[in-house]
Every structure is written in structure tokens, then in C-alpha cells.
Amino acid sequence: MKKGLLSFNMMMWIPRIIFMVIVVFSIVLLVATYFKLEMAVSEAENELFIQRLLYSPHGISFYDPYSNRIYPGIIDLDNLDLLNKSIFYGEQKHIGAKLSINDLNNSLLAERVYNDIVYRRIAQEGKGGVDVLRKSLYVIVRNESRQIPGTLAMEVVLIPKG
Amino acid sequence: MRKIGKKSQHEIMFIVFQLMMIAAIFASLMFYVGSLKNQTLFKKLALSRDLALVTNILYAAPGNIDYTYSTTNLNFSEFEYNLKDQLVQVIEEGRETVYPYGDDLLFETVFRKISGSNTIQFQNTGYLFLSRKQREAKPDLFKCPYVEAKDKGKVVVGFYNENPLANQIAAELKADKEGVGRITTADTLIIADIDTETYGILKIEIPANPQFIKQSRKLASLIANNAFERGNIDYVFIIPSTNNDLNKAKTAVYIKLSKDAPIIDISQPISKSLEQWLK
Chain G
0 MKKGLLSFNM
10 MMWIPRIIFM
20 VIVVFSIVLL
30 VATYFKLEMA
40 VSEAENELFI
50 QRLLYSPHGI
60 SFYDPYSNRI
70 YPGIIDLDNL
80 DLLNKSIFYG
90 EQKHIGAKLS
100 INDLNNSLLA
110 ERVYNDIVYR
120 RIAQEGKGGV
130 DVLRKSLYVI
140 VRNESRQIPG
150 TLAMEVVLIP
160 KG
Chain C
0 MRKIGKKSQH
10 EIMFIVFQLM
20 MIAAIFASLM
30 FYVGSLKNQT
40 LFKKLALSRD
50 LALVTNILYA
60 APGNIDYTYS
70 TTNLNFSEFE
80 YNLKDQLVQV
90 IEEGRETVYP
100 YGDDLLFETV
110 FRKISGSNTI
120 QFQNTGYLFL
130 SRKQREAKPD
140 LFKCPYVEAK
150 DKGKVVVGFY
160 NENPLANQIA
170 AELKADKEGV
180 GRITTADTLI
190 IADIDTETYG
200 ILKIEIPANP
210 QFIKQSRKLA
220 SLIANNAFER
230 GNIDYVFIIP
240 STNNDLNKAK
250 TAVYIKLSKD
260 APIIDISQPI
270 SKSLEQWLK
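Protein chains in written order, with numbering that gives the first Met the number 0: chain G, 0 to 161; chain C, 0 to 278.
Looking at chain G on its own, in the form it has when it is part of the complex:
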């Protein structure tokens, strides 16, 4: 074989190798795309936080000491301050919430913020990359011994954990 032809053959290997590298990287990329390690649970976590406020004995619902039970549809204004004493996410502090309780004429009866630092930072500064859940419920508001029909508006903000 002529030396020139041999060099030409060798030169032809370069595009072949480049093509092969592209194919290999494509396969690796495809596998990596389909192999997901992320699991989004933040939506469930947000919803769960609201349910916890309503159903937990250390939440905001009225506790009747005579029957020793919780009434999830009745919000006890005395329990609002219990919120920041009971539920604790430790150093993570990735959940914050604002609760607004109004009567049916839309006059504000009470407002509380859970995890103030997180809520204010996320909600007021408009920080991106957070999940927000807003929910409004019709409730009975217990203020001292009076019971007033009203609404409970909740805004829960959560920084998803990777």
C-alpha cells in the first residue's frame, strides 16, 4: 500500500471516533434523563401542614375538655398562639404560613403567622422557587365563649428540599 493511502485511511478514523463519542454521550445523556432522583413531595407536605393545623390536638381547633375531643371545624382563637409552640421543623425552617380569620362580613378577627422568619422572607420579598398553597375554609370561630361563623384563609409557603 502506498504511504499516502495509509495516512488517508488513518485520517478517516478521526470523524469515526468523533461520531462514536457523540453516540456514547447521547446514550449516557438519555439514560441520565430517564434516571430521576427527584421526588416532589412538597405539594403533599403543604396540604399535610394544613390538615395538621386543623386536626392535631395542638393545632388551632377547639378542644372540649368535657368530651376530651377536638372539633376540627371550630377554630379557637385562644389556640392560635399555640401554633408556634407546637409544630417545629428544627433548623430546616422550610415552611411558613399565614392564617387570617374573618367573620362573614370580611372583618378581620385574628391573624397569625407561623414561622415568621420564613414566611416574611419568602412571601414578602417574593423569593422564587417556592411552593405556595392557598386555601380558604368556612369555619366557626370561638372567641372566649362566643361562636361566630367565619372563614379561615391560609397561605402556606414551602421551600422544596432537594
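Honestly, the hints are just simulated from the structure, not real lab data.
Just so it is clear, CB atoms sit at the ideal spot from N, CA and C, and this is done for glycine as well.
Check the hints yourself; a few may be wrong.
Distance ranges between label pairs, derived from CB positions [to be verified]:
(1) N142(G) <-> T67(C): 40 to 46 Å
(2) G180(C) <-> I73(G): 39 to 45 Å
(3) D115(G) <-> F25(C): 55 to 61 Å
(4) T183(C) <-> L136(G): 45 to 51 Å
(5) I26(G) <-> G93(C): 30 to 36 Å
Dumping the calculated EDC-like pairs for lysine to aspartate or glutamate here, alpha-carbon to alpha-carbon at most 20 Å [stated by the list, open to error]:
(6) K213(C) <-> D75(G)
(7) K160(G) <-> E95(C)
(8) K213(C) <-> D77(G)
(9) K112(C) <-> D65(C)
(10) K149(C) <-> D80(G)
(11) K255(C) <-> D244(C)
(12) K92(G) <-> E154(G)
Chain C: place on chain G using the hints.
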């Protein structure tokens, strides 16, 4: 025999080289996919999140709950588990995968590190939250409310007719003992009586007065649960009562114990309950 020319030798060499390259790339890809398949990170991430959600749900339960956690498609026992500093830890060879959960600071929480188990048993009894390896389910204990109790103050043990139960409770608590009619000042009042008409029953009356009922119910629930765990009491009742003697202190309980129940099964739990009551 024909001799292979130089050109053919080169071509064969190229083909062999090509085949070797294909084999090497195929093997490395297979190795890459295989390593992904064997990775446990996904399992650990899934389990940490799932356990964190389960813990949140169980804390939110309005009533008592006894729940055994297990998985169907994952080998649960290949990792160790711990709930610490508001983090679910899934541990493999000392390396942790964590996910946060919301603790309840008003609960007394007991979490045990779990390894080599196919299940975790969670129990929420209102003031106590447990996680451990599967054991027998606890009896349906009394849930008790959150009450901020900082000081039990002056504890007095009262009686209508002097009886060994009141004596034993007073000795256990190192408290004053007095006939109920003569009690004038007490912050915490425990009236004790023996019920001669029942068997295996502990009845605790609490004041129906809205001012005192909450803290009294908490103490009664703790006494009932601690006595119940001893195993010699069949039934426990907590009843709001209009008995005016129970209004003599901020916190009051009237204990009636069946004559066949061991006195020590009540006196010691009362002492323990008063300590828990202050938490």
C-alpha cells in the same frame, strides 16, 4: 499457502480495533447502567420522604393511633432508621440520607434507632410519640390536652374515710394527708378512696368546673395511663363530676380504686404522673 498482503493486514487490524472499541464502549455502558440499577440512593430518598410524611400524619392525628410502617416493594431492612433533630435519617454504612419532618414540641417523644427490622411501629398517645421495632400494641390510652403546668404547688392527699390507698399515696408523694372536710388550702388535691363494690376498676372523677377541668383531666389521663400500663387494672374511667370538694384546688382528682387492685399500682403511677404533668 497464500501470503496476506500488507493492505489486508492493515484492514484486518482496523476491523479488530473497531471491534475492540465497540466491545469496550458496550461494556462501559452496561457497567454504567448496572451501577445506576444498584444505587440505593433512590430508595433512601424515597424512604426518607415517605417516613417524614408518615411522621407528620401521625402527629396530626386527633385521636390515639398505633401504626406499623412497612414497605411492599422495597427491602426495608437493608438500612437503619432514626428520627433525630427533626430529620428522618435513612442510614447506610454510616452515611445518612435525610428529610425534615415537623416535630411537636408539646409531645414527649421517644425515638429509637431501628436496624434490621422490616417494620417501624409508631404510637401517638396524645402526649407521647414513640417509634420503635414492632411490639405489642398498647391499650387505647387516654389522650390528654396541652396545659402549661409549671408548679404543682402544695399537694394534699384527701380521703372521706381513712384508707390504706390514701396513706400509701401520701407516703409516696411525701404530701400532707387530711380528711376532705378539713382541707382549706391546696394547689393539687388527690382524693383517694377504696371502692368495695367493684373489681379491677379505676374510676377518676375530675371537676366539671370549666376553670379547672383541663389541667385536672391532664393529670387524670396521666394517672390512668400509667396505672393501665401496670396491667392489673381492667377498666379505667375518667368522669367529670359536680362534686364540690374537687373545687378546693386548681387541680383535683378523686380516685376510686377497686378493692382487689394492688395499691402500689396506683400510688407509684401518681408520683410519676405528677412529674409528667409538669412537662
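Going through the hints against the structure:
no.: 1; hint: N142(G) <-> T67(C): 40 to 46 Å; result: holds, 41 Å
no.: 2; hint: G180(C) <-> I73(G): 39 to 45 Å; result: holds, 40 Å
no.: 3; hint: D115(G) <-> F25(C): 55 to 61 Å; result: holds, 58 Å
no.: 4; hint: T183(C) <-> L136(G): 45 to 51 Å; result: holds, 49 Å
no.: 5; hint: I26(G) <-> G93(C): 30 to 36 Å; result: holds, 34 Å
no.: 6; hint: K213(C) <-> D75(G); result: holds, 15 Å
no.: 7; hint: K160(G) <-> E95(C); result: holds, 15 Å
no.: 8; hint: K213(C) <-> D77(G); result: holds, 14 Å
no.: 9; hint: K112(C) <-> D65(C); result: holds, 18 Å
no.: 10; hint: K149(C) <-> D80(G); result: holds, 18 Å
no.: 11; hint: K255(C) <-> D244(C); result: holds, 15 Å
no.: 12; hint: K92(G) <-> E154(G); result: holds, 16 Å
When each numbered hint is compared with the structure, no violation occurs for any of them.
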